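Visitor: Here's the letter readout for the chains.
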Amino acid sequence: MNTALSMTVPSVGRRTWITTLIFTAIVVVLPFFISGYQRTLLQKGLLWIPSVFGVYILYSLLRQVHFGQSIFIGLGSYITAFMAGKYSVTNELMILLPLALVVSIVVAYVLGIFIMKRTGFYFAVMGIAVTMVFWSLVYKARTITGGSDGISHIKNPSLFTVPLSDMGLYYFCLIVSVGIIVLMLRVLNSSFSLQLRAIAGDLEKAESIGIPVKRMQRLAFTIAGANAGITGVLLAFSYNYVSPSVFEWGYGANFVQSAIIGGVTSFAGPVVGAFGFINLEFFISTWFANLWEIIIGLTIAIIVVTVGEKGVTGIVQTLFSKIRCK
Amino acid sequence: MSNNEQKPLLITADKLRKYYGEVKPVNDISLEIAQGQVLTLVGANGAGKTTLLNLLTGLIRPDRGEIRLLGEKITGVPPDQRAKRGIVKTFQLEHVFDDMTVFDNVRTACFSSAGKHYSLFKDIEDENEINERTGALIELFDLTGVRDAFVRNLGHGYKKVIDIAMCFAMKPKILLVDEPTSGVGEEEKYKIMDLLMNQIEANNLAAIIVEHDLHLVKELSKETIVMCDGEFIARGTPDHVFSQEKVIEILVGKGF
Amino acid sequence: MLVKRAGSFIVCLTVAVFMMGAMVAGAADQKAKIPTDPIKIGFVVPLSGVAATLSPNAGINAELAAEYINKYEGGILGRQVKPIIYDEKNAQTAVELFGKLTEDDKVEAILGCLSSSSGLAVAPKVEAQWKIPTLLLESTTMALFTKVIPNAKYVYRIGPDDVMQSIAHVTAVLKDKPDVKTIAIGAPDYEWGHDVVKRFQEIMGKFKPDVKFVYTFFHPFGEAGPNFAAYITNVMQNKPDVYVGYSWGSDGVAWHNQAEAMGLFKAVPLVFDVFSGTAKGEMAREGVLAETRAGNGTFPPYILGYPNSKFTPMIVEKTGVLPTYGMDIHMLTGLLYLKKAYEKAYDLTGQYPTFEMVAKTLDGLSVVGPDGISSMINHQSTAPGMAVGRLHKEKETWVMKDLILVPDYLRIVPPWMTVEQFIDTLDKVQK
Amino acid sequence: MAQTIINVVPEGTPPVGHIFESQQMLSTFLSYIFNALPMVSYIIMLSFSLNFILYISGRVSLTFAGIYLVGAYVTVSVGTYFLGQNFSLLSFIAILLAVGLLGAAISIVVYATFERFLKTDVHRMIATSSLLMVFSGIIKIQWGTTPVTYSAPFLKMGISEVLGNIVPNYYFFMFGFSLILMLALAYFLFRTAWGLRFRATSLDGDRTMAQVCGVNQNIVTAITFAISGMLAAIAGGLYAPIAGASYGIEGNALLLAALTIIVGGVGSIGGAVLTAFIIGIARVITAVEMPLFELAIPFIIASAVLVVRPYGIWGKEFKH
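Protein chains in written order, with the numbering used here: chain F, 1 to 326; chain S, 1 to 256; chain Z, 1 to 431; chain Y, 1 to 320.
Check before you lean on any hint, since a few could be wrong.
Stated by the list, open to error - One-sided and incomplete, this derived list gives chain Z residues near chain F with beta-carbon spacing under 8 Å: (1) 47; (2) 48; (3) 86; (4) 87; (5) 92; (6) 96; (7) 103; (8) 116; (9) 117; (10) 120.
Treat the hints as calculated values from the structure; they're not laboratory data.
Computed from a prediction, not measured in an experiment: that's the story for all the values here.
Here a beta-carbon is modelled for each residue, glycine too, at the ideal position from N, C-alpha and C.
With the hints as extra help, turn the sequences into a complete structure.
Guide: Below, the structure is given as structure tokens:
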């Protein structure tokens, strides 16, 4: 079989749900055994999962590289910063999350209309271009956004008017990400995903068997954007600070890199990728900071050349199956 | 033409025109097809056959003219909508979803025909109705043996059959078949054609079949249209049409 | 008037110093034992990312600063300094690294953060959560202490503040060109750039209200491969008496090249460059008025006091270049502050100082850093070595001639005044 | 001191005549063009470096940005080492050509050892962009993170005055150099037998057909990559005296080149040149008149073009 080009998404079976359950159990228990900053890292990983899943959907189903996740993370973060920081309107998660969701859905839909006009290289570059437009406007509109200094002193969030402690926020993030993992697993196993794969496989044929190609592409883009919007809100609350750098395309590229490292032929890919990338980033900056670019760059390049989209999870799976055969 | 009066008109095209600069692949063509009417379309390469089919399916927009389906104007309707309303086309070169199994290929079409594009949260395995229908189609088209194989690993003939099966999954009213036998071996050719014609007859479909093999054409249809430079130049029973000198000149060349 | 005020300020300082001396004498009897293991100090410095262009060799220089303290100053309280150096990648990583430094590595103070966003993200968390003495290097403008953490306890900042430097700049410009009528001014387009330009204009207005700012611009900050021709053309068209420029880093190199090629240095009567040097003095131009800041490659290492005479050769030997503006030099200043704070706190209490104690003692300290004497006032270190002079190339190094030193009392906001009040007093200086 | 274009007309100036006014406008307009020249020429070369591979072999390869980075740094180092603060035109051109050869070599080596194992466009895009990080890391280890510069050619070439505008001669040199390279490339593609072979394998032609007709695909691809690498390295070398070489310049180069393809279309030399002018001049005008949009303007132009003409202003649709 021609493995390098195979990007078939496996179906969600019982094993996937059990794995999800085990993962959830681990992240629920883990904070009791680790220090505060490790919990912050864990929380960041959890929060990245929705965004990486957004990239994952576009990559594994539509085969498009989506560098623009930072737009929606930025939107979510800045909405939070304005509402809970600069203008202190509210720090209620139950207001801010839906608000960010609505804003990112609307923006994603509108952007999707024209970004989705082209595919492949052009789609990727357009993602970057639109991201940079947002970045430069946010950066330059100093009086509103605080310019390069960003917005600090974002209040801690409250849930149903109950203020959340750090631990409380961690568990809220946990619930949100696990919820999104479950939701995304369902999406990936629905007829929607089947038809997206058909679109990626052969656009003309898909159209000729009655699949509304444009609308479904836009919907996929919107789902990705909505996921990132949620990430944005919770990241802003986790660090109590936002700066325009969340809008930079390099930041959005991190999610693509995560997806590649994790692998897009397995559902565990985004989760492994998010945690893998964050830990790699963190430990490289503590151990051999000077080699940061070389290590990350070579890792990804080698993964792409050797196993294609399968990533770390693909390598692990192959190893397991080999062991089992023996 | 007597057929048309007995059965209701399915599709009418009125003065369709599509120019690409100097090239005029479709030049003011009018066409009427009734339910259950099977037409074959012949013509030299570049006569505009594929362009005509693409105009009917909506992949290309006409410069002028209009198309009606059951009396309803569908000129500006996008191809996916037309497919749902019953105008379905098979492709000249194989167009199938390489990275999916045969079953998934057909299932995709079944989902689409059922209009389930946006059911985001329902597991595909739980959609019993559609899975049953897919299974039935797979059996109908004799694909049971390769049900779970990846399409990319299958041969030419299989891909053609899968393509046709997907079209039938759409519950078509009219089938536009673009050279179903191109690139397929002699033996498979007849098998595919038989399958296709049986299904068309069984469902009482209208069809336009573009075909190069004149022997096949004679066997297949009661009515043939010859196309040249974007115009219809002859129409009638195959025997009648192919006896015309003009037609022979175009199809076979002046040398003979 | 102001001289009188400044005089009383100095008297207060002296009295305070004497009182502290008395306290030290009283507490000198029963003292706790000092641990002998090395004292860990965390460094969070940019080694990759955009900020890295502004501070080369930050990692090596952090090590060298620690080495200097160990070798020539006898460590902190006799303990050897062991630097733990991490890469400040972005604001989020900086927060995580501060967490690791305090929770895992158990450092006793942290120095670092070059970019404003890291500083702004980290400072509130230090105050609320980690409560560890923190010296931010360069990072952020005064907004940090006025808006973000108004009641700072643990966070200090080493680096020039916009009021001090603007007063020095205005004074220098007026001294060099008393009849100035028109000024063009340019800075990189980020918060600090906007702040300094605003301050300069404000203070110039106080000193000389009839000066007109004919052209003010902000060029993209840290953009790779910048093209400033449009700005330079506009500056020259407006024919200012003085051009004041704040471009630095890679922007600075490009700006100076392009301005020289287009003849700006010849066309404008006086050019005042705040950042006149990089590692090899690529930005320096003959005859241009420049600020010393720290090191900068613009004055020889022997000018300002003894730490510099030893520290600079150490850096040159290891990296081949002079220490650049800001971080490189301020890391040593920061360590000197910490050394003094630890020792003073120990002297005062007799106990091995807690973080709170160290943080408290830091305020009001004065040290002789590699760039001269600086004092910590209101959590902000005074801009040391704030002198302005004309650049002149002597053999291979650039030196400054005709130094204009602005006295401290003229440029340091006394603790009892707000910035606005202080600026209001400035117009009286002229009279 | 130069005559000026005059933004602020002093009070009491007599009303200007009609002819003078139009001359003044012409002069302002020219100043926009002149100030945009360095950016224009560097966009032309970089974008075509990317465009050429995309057009001829249908591959997306972002390695050119890394080669641009190497080109800039090597030119600075070699220039400083051999020429110091002296400058002679011929030796500078020799350095540029040498750097171009180096770029070509790097490009071929990277293609042969790495890029040819990549199978889809998406793979190529991701793998080559992560390769950029490796380039940048290596540069950081060798040259550090502070900007380095070799400005002698830029400073020593002097200035010209055109209609009251001061223009460094180096701008003309840089633009001329890039234009000559593009013309040579166009001549090669459209007037020589080898160019015909290239066009035959390009997106315009038919690769299978070309192979049947005896075009050696390997040689064509190797030369394509060599030319692309050469253009990128020379672009770096030409721009380094103006802006210096600094850590991180490859990102900007990559973005501008990619945007130019979106606006200008695949495989269009004329499109690349015109787009470079549009983007360069738009940057210059917004820098002075509307700073809010200065950074965003290239991206806004690209987005707008994509909405109106999905295949670029001068581009046509290619099926990969």
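Visitor: Confirm or reject each hint.
Guide: Verification of the hints:
no.	hint	verdict
1	47	holds (4 Å)
2	48	holds (5 Å)
3	86	holds (5 Å)
4	87	holds (3 Å)
5	92	holds (6 Å)
6	96	holds (6 Å)
7	103	holds (4 Å)
8	116	holds (5 Å)
9	117	holds (4 Å)
10	120	holds (5 Å)
The structure meets every hint from the earlier list without exception.
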